[in-house]
Amino acid sequence: MSRFEPIAKLLAKDRKGHTLPRELYVSEEAHQFDTQVMLKSVWLYACTVAHVKNPSDYFVFELANNSIIIVRGRDMQVRAFWNSCRHRGAKICLEQKGRAPRLMCPYHQWTYGLDGALLAARSMADDFDKKDHGLNPVAVENVGGLIFICMADNPPPIDRVKADIAEQIAVYDLEKLKVVVQDDYIEDANWKLVMENNRECYHCDVGHPELISVLGTYGFGKGLPEDGEGDVVDDRDYDALVAAKREHWRSLGIDHDLIEFPDGWWHRVARLALANGAVTQSIDGKLACKKLIGPFTEPETSSLSVWTQPNSWHHFCCDHVVTFSLTPIAADRTLLRTSWLVHEDAVEGVDYDLDHIAALWRATNTQDGHFSAINHQGIANDGYQQGRYAVEEKLVEDFKDFYVDRAKAALKDAQA
Amino acid sequence: MSRFEPIAKLLAKDRKGHTLPRELYVSEEAHQFDTQVMLKSVWLYACTVAHVKNPSDYFVFELANNSIIIVRGRDMQVRAFWNSCRHRGAKICLEQKGRAPRLMCPYHQWTYGLDGALLAARSMADDFDKKDHGLNPVAVENVGGLIFICMADNPPPIDRVKADIAEQIAVYDLEKLKVVVQDDYIEDANWKLVMENNRECYHCDVGHPELISVLGTYGFGKGLPEDGEGDVVDDRDYDALVAAKREHWRSLGIDHDLIEFPDGWWHRVARLALANGAVTQSIDGKLACKKLIGPFTEPETSSLSVWTQPNSWHHFCCDHVVTFSLTPIAADRTLLRTSWLVHEDAVEGVDYDLDHIAALWRATNTQDGHFSAINHQGIANDGYQQGRYAVEEKLVEDFKDFYVDRAKAALKDAQA
Amino acid sequence: MSRFEPIAKLLAKDRKGHTLPRELYVSEEAHQFDTQVMLKSVWLYACTVAHVKNPSDYFVFELANNSIIIVRGRDMQVRAFWNSCRHRGAKICLEQKGRAPRLMCPYHQWTYGLDGALLAARSMADDFDKKDHGLNPVAVENVGGLIFICMADNPPPIDRVKADIAEQIAVYDLEKLKVVVQDDYIEDANWKLVMENNRECYHCDVGHPELISVLGTYGFGKGLPEDGEGDVVDDRDYDALVAAKREHWRSLGIDHDLIEFPDGWWHRVARLALANGAVTQSIDGKLACKKLIGPFTEPETSSLSVWTQPNSWHHFCCDHVVTFSLTPIAADRTLLRTSWLVHEDAVEGVDYDLDHIAALWRATNTQDGHFSAINHQGIANDGYQQGRYAVEEKLVEDFKDFYVDRAKAALKDAQA
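Protein chains in written order, with my numbering: chain G, 2 to 417; chain U, 2 to 417; chain D, 2 to 417.
Given that identical chains are not distinguished, each listed pair holds provided it fits within a single copy or across any two copies.
Within a straight-line C-alpha distance of at most 20 Å, the following computed SDA-like cross-link-like pairs (lysine to any residue) qualify: (1) Lys132 <-> Gln387; (2) Lys163 <-> Ser42; (3) Lys10 <-> Gln416; (4) Lys10 <-> Ala415; (5) Lys98 <-> His371.
Read the hints as simulated data drawn from the structure, not as lab findings.
All of these numbers come straight from a predicted model, not from anything done at the bench.
Throw the hints in and build the complete structure from the sequences for me.
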């Protein structure tokens, strides 16, 4: 696979604690490699079970030229198929989401069941066998209600991620939630820069005034209680605060130790104490939905966060859940998809207001879009050289190291 | 010519009765190959003589980066030249069509005759000879009034195409017609998919309600009278219908046997019986122009259709003619140019109405643009695999086989 | 550096007195070569000292993906730095021009002095040394007030250019001028075609009615007094006119012999007699600013012009100065930046009117944009072949020869 030889050379220039070589961030070759090799070798977060809540609901997940149908069967199982008809290849599901009792190709009406089996195809020769022409499946896993897909023929292990995440988010019971807002926001930056941006709060003090008023900057890689670096005095305060709260969390059954990207794995799970009396991740810290979810009967001053490599993060509050996924569109364009979920029985206008629930992360997403864009532009400059991460950017390093490791492995597999 | 080595490998993956490998449809490399090699090795339909009706009329035919001037001389001959000044290369004719007594470059006013000879060039050195600097000619053939061009130095044979088509369309006398509408419509699909779409009516029942009410679906590759496949009962009906009509056609001098892409050639000619009492290809089946053309003195319930590989089709009705040409603009964009012609003596508002005459094919083109676009999108998906054509898609196979044959031959020539 | 092997082959096809091979004008590969190799090996005009008139003023010069900050220090020195933060590479100056007491990265607030030194960076590990992380400098030269930059590690000589130009433009004292209008105009053509267009007035008679009414067509490569070619009678007239004026110029201390791209150098300097009684390069030939500059106390019927390879030209009038720079944006897009300068004490609405001062070159730029675009389109055509320059196009040849020489040298250096 000599066409990715330049990528191998670039990966060899990776330096511990430093940003990647320019071409890995900005070149068309790296975009081709990422979307055709690297990102096809790993599990990607696609959506929640609430996005395909009922039988026949489908959700289309796209990455560069690839399109995958995620669909709920009548047996309530969630399955995934390539969104390409087995006849002449036309795209079958044209909307980003919808409901379809059958998957029918709009070009010549070839018709498939929700399990992918070809049910009808007119005018085919006698030796044509429908059994050989079902929709091609894609690997899919339900991680406590978070749906991950993998485009590889032999997907990597996911069992520990599944166990660790499912254990902690189970109380929020995603099957009982509904999606009330979904924002598709395109950032003018390479997806890896959007990820790096997500993995540090070194830019939060100046860059995200709304966010830090509710969350503080702890737990987003800045002044981690566990690493003892950064602003030491505040860390002690935060440690004390968390220690005091854990007793309360234990009483609710939601206290767990931090899970911090275990060796060889790709997930982080942390309960965070909110700041300034906030009881949820809303623009004013006040409840975003009156109908509480999970085990909560009272507003709760903490939230649970889940991060996965290489493309998602999620926040579980006592009244709503917000999930984020990233997918590259082009070398310098990335889709950030944000979904807000509330209890399925909550009523719009009574229990929640869409503008209020979405305001905090909309503001934050817009700010981050700007930062990622100027990061991309500056890296494209010949004057760029690999720079050193700050102490507070340890989770950025974790992402970058994951990327380099998986990229090298995927390249080796592709060449084998 | 090692740069097209990947194309040779893709062509080797061609499977009888199946669609092409993905990259041949969607890759930039295939677009470069098609526009620089394959399509330059064959004859392409450009326009009719009616598009350059009078001396000094020119019509610019463009394919990707290439631009060719087709111009009528004072001797009524139609000639073709590359649209690039021999001085510093500027484009000479900037409008898609127009009239020019001389071809004058707008940059420095070098001036050429309608035969391409350089007539004037200021301030050139003494050893400059105008005779050596005429416009570079492009091969051109007048096929019964249909103008074909070929960008190759040694164009392939065209004599049988010319004889077969000219014989049947002569009665419509294109020199006596005028172009009254021309639509340039860009489809978001590779040109080969737009061609494949044109070569079958397997999608017509659901996809083209307007079209089938007037034409039925016969003769467009669906339930061909000749192949005995498809909806057999209807075919028998259609066979009987045609048999009954041929006596009438003989009396008009317009009865001919079907010409069905003869071995090694690239044309199909068929007279089709219209459906539901239609007398022309209009949105309501009623006459689109009161002034009849050719040998017709009464409305006629049939039309003559001509298809050529790789880029055109044409329908000749008793009251008007409609011609279609395809040219690739980008790997995923194709220009579909549709022209409607009527008798030169017909008067707008009296004999014909522009909206009425164009309505049927405008609706059909728009529907086909959608189908080709979703076909392209689905093929770009990694889940695509080469699919099997239906029995009714035999003419699609004919196109695909032509493409593969000519592509292989052109590649061999390019490498020689 | 085998990736530019195709460029070496194209350069070998250069023919004396002829335009370049097509791909050098229109291909993406040539654009990559020009912006990554050729244009990085030479000095490029960026702006004047008046564009960064005061301490803390910065001006961002961009070429393809590259962005350079040109900034005036408190010591009045003009310096240049790559516009990319040494932390994670973000772009620092986001506006095209502005004022900044410090250069602070908007992403994480790393802060640099106007001399590029890193002053502040939070949360870095103990072994991080700010001294090693200043902004990367770019070579810069002040040529009598014209700022040139060079992105090469070892810039080529500039001393003679500096001496020759500075001597003649010193009287216009750019430090005492201010920029009153700046137009950024994007032409749809390769930058080399925009340059070729600038280096001849063979197209002026028909193409630039406004311009020739004020400047005539002399001295822009058409009917050069020195070469005795072209319209000989008019040349004699012009020679006589200039001879008569030189006595007057001597009295003003502004008489110099023509400097005509000395061997191995890349500058031309000429005083031109204006036409039809014009006293400046304005749309009506009348003063564009009442406040005269330099040694002029009376309106003066000549102007001084400076041309440099490969990207600038400048006209110095008794009442204003106009400067032009070119930078490639894409293979077929070029930024033409035009700036108009007047005496720093001149008052808008009293001494000058912005529309009046800019009208002549705005009209001319628009006309040239059209010519360059159709030149590019025609060259992209397969029918293009290398064409012969006219006698009046000698300065175009000079540019083309410079381009080929430097391109070959840069290629050799890149391969070494």
